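We have chain P already, so just place chain Z on it with the hints.
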Amino acid sequence: MPDNSSKRVLIIDDAALVRAYYRAALEAHGFVVGEALNGLEGLEKLLLEPFDLVIADINMPQMDGITFLRTLRSKELPVSSIPVLVTSTEAGPHDIAAARGAGANYYLVKPIKQETLAEYAAIFCGRPR
Amino acid sequence: MTDPPQMTEDEFRRLAEFLYRRTGMVFTESKRYYVERRVWERIDATSSLSFSVYFAHLRSEVRDEVEQLINAFTVNETYFYREDHQLACLTTDLLRERVATKRPGDPIRIWSAPCSTGEEPYSIAIWLLENWKDVDTYDIEIVGSDIDTCVLEAAAVGIFGKRALMRLSPEVIARYFHALDDERWQILDDLRQSVRFTRVNLIETKETRPQGRFDVIFCRNVLIYFDDESRRIAAENLYDNLLPGGFICLGHTESMSRISPLFEVCRYSEAIVYRRPEELRRAR
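Quick mapping for you: the protein sequence lines, in order, are chains P and Z.
With the numbering used here applied, the first sequence covers 1 to 129.
With the numbering used here applied, the second sequence covers 1 to 284.
It should be emphasised that the hints constitute simulated quantities derived from the structure, not laboratory data.
Since the structure is predicted, the reported quantities are computational estimates derived from the model, not experimental observations.
Errors might be hidden in some of the hints.
[As the list claims (entries may be wrong)] Computed list of lysine to aspartate or glutamate pairs in DMTMM-like fashion (alpha-carbon distance at most 25 angstroms, straight line): (1) Lys133/Z <-> Asp106/Z; (2) Lys110/P <-> Asp10/Z; (3) Lys133/Z <-> Glu44/P; (4) Lys102/Z <-> Asp64/P; (5) Lys110/P <-> Asp95/P.
Same shape as in the complex, but just chain P (with noise of 0.2 angstroms):
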């Protein structure tokens, strides 16, 4: 296993089950997990303890993925250009080409293998395999 045990990875999704899903995919390979449940709840979290990594869902109640880049990006802070991986049900070329607009450094499409989301996780803290 590789050594990601000081990585922290924030996954923010509204769906309970799909953050207990990537958590215990990340968990198996030594992240650090963090959750929140939305844009503004992930915005905040981000202001408040240091991650190397965000796991951002697209769809999500009171701020939605792509407003969560956006403002993210928008900002001058060090925080603000924390790699950011999109997850999401939306497959159509308009939403990856939205997501990679807003500022989203890579995109899956939903359903994601645990092992895969690991593998993008390790790649994207700066642990290519």
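Coordinates of chain Z only, in the frame set by chain P:
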């Protein structure tokens, strides 16, 4: 108590009738000991001087006494992954059929009724996480309901003992629970948040209807406590709570065919379940 109040035949009959009207459960003379024990408990707890005083107190509907008595009467005996062949059927057959007409991101609604202290709805959540590759593709909602508000409170807290977890592997326990001490484990917050708990009496249409329509309903080992009439009402309510093409899973000793003609039987390799037909419209 030094002088336990005795119930006359007439008192027993009045109480049984009261319970029947409120819960649909039938208590005959053969259950007299069972009934009396629980009623004495409540007479003691409310410091009533006699059965008739207690019965008046009960019927005056003060301080949730009806609820307390119903709680004392309901049987709460279950554990994680009970009848797991039905859970296997859920992921290999039922959900596969349900998602055939859905798009990614669409809701999938599952109802566990009655859910007792939460073992069944949490089992469904864990089973989906462990065995269903599309768990992040659909908006899964799991509802747990029971007539007993005490068990619902316990379910929401999600603390379980060894016996409840006996069918789970140590790996699964380590993944989804944290140990409070040597005897008790609490389910992870994510899983607690993934199930919504609510009080529902299955024979009260005004309580079942607001739950909306589901893709799959687990209704195991409760209809056996009802008499024919209540069982039929419950079955009709559950039918209304199913999406067309939705499934209902009963306990392995139960048969819907004997209760209601509304459903069609579906045989899968792991289980027999019942389905609300796709096209049938009920004449009202």
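Hints, verified against the model:
1. Lys133/Z <-> Asp106/Z: Answer holds: lysine 133/Z to aspartate 106/Z is near 16 angstroms, not above 25 angstroms.
2. Lys110/P <-> Asp10/Z: With Cα atoms ~63 angstroms apart, lysine 110/P and aspartate 10/Z exceed 25 angstroms; violated.
3. Lys133/Z <-> Glu44/P: violated (31 angstroms)
4. Lys102/Z <-> Asp64/P: holds (22 angstroms)
5. Lys110/P <-> Asp95/P: Distance of about 13 angstroms is within 25 angstroms: holds.
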